[in-house]
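Visitor: Protein chains in written order, with the working numbering: chain A, 923 to 1187; chain B, 50 to 277.
No lab work stands behind these hints: they were computed from the structure.
Accuracy of the hints is not assured; some may be wrong.
Calculated pairs, EDC-like style, for lysine to aspartate or glutamate (alpha carbon to alpha carbon, straight line, at most 20 angstroms) [what the hints assert, rightly or not]:
id : chain 1 : residue 1 : chain 2 : residue 2
1  : A       : K1068     : B       : E236
2  : A       : K1068     : B       : E234
3  : B       : K115      : B       : E77
4  : A       : K1068     : A       : E1022
5  : B       : K132      : B       : E142
6  : B       : K119      : B       : D72
7  : B       : K115      : B       : E142
8  : B       : K182      : A       : E1082
9  : A       : K955      : A       : D1058
10 : A       : K1059     : A       : E1022
11 : A       : K1068     : B       : D232
12 : A       : K1059     : A       : E1018
Here's the letter readout for the chains.
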Amino acid sequence: MGEAIVVTSGKGGVGKTTTTANIGTALALLGKKVCLIDTDIGLRNLDVIMGLENRIIFDLVDVVQERVKIKQALVPDKRFDCLQLLPAAQTSDKSEVTPEAMKKIADELKQEFDYIIIDCPAGIEQGYKNAVAGADKAVVVTNPEKSSVRDADRIIGLLEQEDIEPPKLIVNRIRHHMVQTGDMLDVDEIVSVLSIDLLGVVADDDEVIKASNSGEPVALHPNTKSSLAYRNIARRILGESVPLLSFDEEKGFFTKVKKFFGIRS
Amino acid sequence: MIANQQLITIKGTRDGLILKIDDQCAYENVLEELKEKLSLNALLEEDRLISVNIQLGNRYVTREQKETLKKVVRENQNLVVGKIESNVLTIEEASEWKKHAEVKPLVRVVRSGQVINVEGDLLLIGDVNPGGKVMASGNIFVMGSLRGIAHAGVDGDSRAVIAASYMQPSQLRIADAISRAPDHETEGVYMECGYLNENEDKILIDRLQDIIKKRPDISSFERRMLNG
Ligand SMILES: Nc1ncnc2c1ncn2[C@@H]1O[C@H](COP(=O)(O)OP(=O)(O)OP(=O)(O)O)[C@@H](O)[C@H]1O
Ligand SMILES: [Mg+2]
Chain A
923 MGEAIVVTSG KGGVGKTTTT ANIGTALALL GKKVCLIDTD IGLRNLDVIM GLENRIIFDL
983 VDVVQERVKI KQALVPDKRF DCLQLLPAAQ TSDKSEVTPE AMKKIADELK QEFDYIIIDC
1043 PAGIEQGYKN AVAGADKAVV VTNPEKSSVR DADRIIGLLE QEDIEPPKLI VNRIRHHMVQ
1103 TGDMLDVDEI VSVLSIDLLG VVADDDEVIK ASNSGEPVAL HPNTKSSLAY RNIARRILGE
1163 SVPLLSFDEE KGFFTKVKKF FGIRS
Chain B
50 MIANQQLITI KGTRDGLILK IDDQCAYENV LEELKEKLSL NALLEEDRLI SVNIQLGNRY
110 VTREQKETLK KVVRENQNLV VGKIESNVLT IEEASEWKKH AEVKPLVRVV RSGQVINVEG
170 DLLLIGDVNP GGKVMASGNI FVMGSLRGIA HAGVDGDSRA VIAASYMQPS QLRIADAISR
230 APDHETEGVY MECGYLNENE DKILIDRLQD IIKKRPDISS FERRMLNG
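Work the whole structure out from these sequences, hints included.
Guide: Below, the structure written as structure tokens:
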């Protein structure tokens, strides 16, 4: 049986949908059977980033209201047979999905897939509750900004009340030159405040935006840094221990970690 | 015979009168004798107020009975009731006291949007993150980073203190006093403790070791009982 992972953040626009698309793609690259669920009813994006928008026939609400079977609503990926998308409804209201319904859908999909990655809407209301209800694990995405970290902290507090494993953290859109000049929070500062395990760090990268616009998640590109970051995250999800990417510019993080353990470099 | 036995002994001290009340007889008899004794008393000629301390020994009195006792004493214009002391507590009162006198340990991170409120002292092993809040009727000790709000002495105990391994709070509150972080970014401080100054209008922060001079009674059981 597979496991369901919700990707959430509290704050909007920090990269939940981008992360969902790329983790899903990277897991599929590693040969896993993956189903992505977009729970952002009314503001669906995941299909666009995956380049699957024009293939959608049915959606999540159709499944919840039992107009169609789950299988009929799944949209297969263009590139991988083992990757499928359950799209959100664009015209319905969030209230048509309930936590119970989401749990049922996730349970059913877990029979079939290795990983269910659930893209959560921003906020902490109904949409969030629906997205979390079906999940066994959670990934919290934050940007290296105070407001984003604050909301991540709030979400982690809420997730800790759920019956799921302790959430893991992805810091997205790091700009190393800003961290070095002290104008951006650095990763160990964020991790120390949030005190949860770090799953990965993704740089702020124009390639991510380009890729999303072309409907080809960046994880498919072999040579970009952000692509490697997402693929490493996928491997960590599979349980491999992959060291954090060492960027040339990124001295801060490792020297600080060493200092912490009393090793001078 | 029994009627001759003294149920109430009166003792005069510099601070006023002490009424020692026999704890074996009936409450009604006490009231009766109290009325009698106080009316006989030559104290009536005194023109200053005298404080009366009533000692009940091993007698338990209900709230109403206490009020009646006070009323009887006050009927004499010169007398005011200072204290009513009894060796006996109800289980309810005792557990209420105990709650306020206890140190409550907690191992967790208090995150943004979360509020912890305890009776007595709080010993938090973990951080208080920005946007998180801890409150206690007594002292607050944070073994971790205090970056949110801490409110000690919420019921008005102005002698309560707030200590943290790393202190970078957005606000400190003790009893009714509030202080907030400056508007510009500041580094936090390690192993410090906040307490109220003598005028009880300003929260000061000092090295943790120095607080012992300011609050020598910090760990005493009685202090916490009294403030409970
Ligand atoms: N690592 C990155 N580098 C550069 N741009 C990024 C990165 N991650 C995300 N973005 C961009 O940030 C924007 C928001 O991303 P995304 O839609 O994934 O966020 P979201 O959290 O899903 O937003 P919402 O809360 O609206 O659902 C997008 O334009 C995306 O391309
Ligand atoms: Mg989104």
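Visitor: Hey, K115 of chain B versus E142 of chain B, does the alpha-carbon distance stay inside 20 angstroms?
Guide: holds (15 angstroms)
Visitor: Between the alpha carbons of K1068 of chain A and E236 of chain B, is the straight-line distance 20 angstroms or under?
Guide: holds (16 angstroms)
Visitor: Is it true that the CA of K1059 of chain A sits at most 20 angstroms from the CA of E1022 of chain A?
Guide: holds (17 angstroms)
Visitor: Can the restraint linking K1068 of chain A and E1022 of chain A be considered satisfied, given a maximum Cα separation of 20 angstroms?
Guide: This hinted pair is violated, its Cα atoms lying about 34 angstroms apart.
Visitor: Given the hinted pair K1068 of chain A and E234 of chain B, is their Cα-Cα distance within 20 angstroms?
Guide: Holds: K1068 of chain A and E234 of chain B sit about 12 angstroms apart, inside 20 angstroms.
Visitor: Given the hinted pair K955 of chain A and D1058 of chain A, is their alpha-carbon gap at most 20 angstroms?
Guide: Judged against 20 angstroms, a Cα distance of about 17 angstroms means the pair holds.
Visitor: For the pair supplied as a hint, K1068 of chain A and D232 of chain B, confirm whether the alpha-carbon distance does not exceed 20 angstroms.
Guide: With a Cα-Cα distance of about 15 angstroms, the restraint between K1068 of chain A and D232 of chain B holds, given a limit of 20 angstroms.
Visitor: Checking one constraint from the list: CA of K115 of chain B to CA of E77 of chain B, max 20 angstroms. Satisfied?
Guide: holds (13 angstroms)
Visitor: Straight-line Cα separation of K182 of chain B and E1082 of chain A no greater than 20 angstroms?
Guide: Cα-Cα ~17 angstroms, so holds.
Visitor: Given the hint that K1059 of chain A pairs with E1018 of chain A, does the C-alpha gap stay at or below 20 angstroms?
Guide: violated (24 angstroms)
Visitor: Measure nothing beyond the straight line between the CA atoms of K132 of chain B and E142 of chain B; if it is 20 angstroms or shorter, mark the hint as holding.
Guide: holds (17 angstroms)
Visitor: For the pair supplied as a hint, K119 of chain B and D72 of chain B, confirm whether the alpha-carbon distance does not exceed 20 angstroms.
Guide: holds (17 angstroms)
Hint violations for this structure: numbers 4, 12, all remaining hints satisfied.
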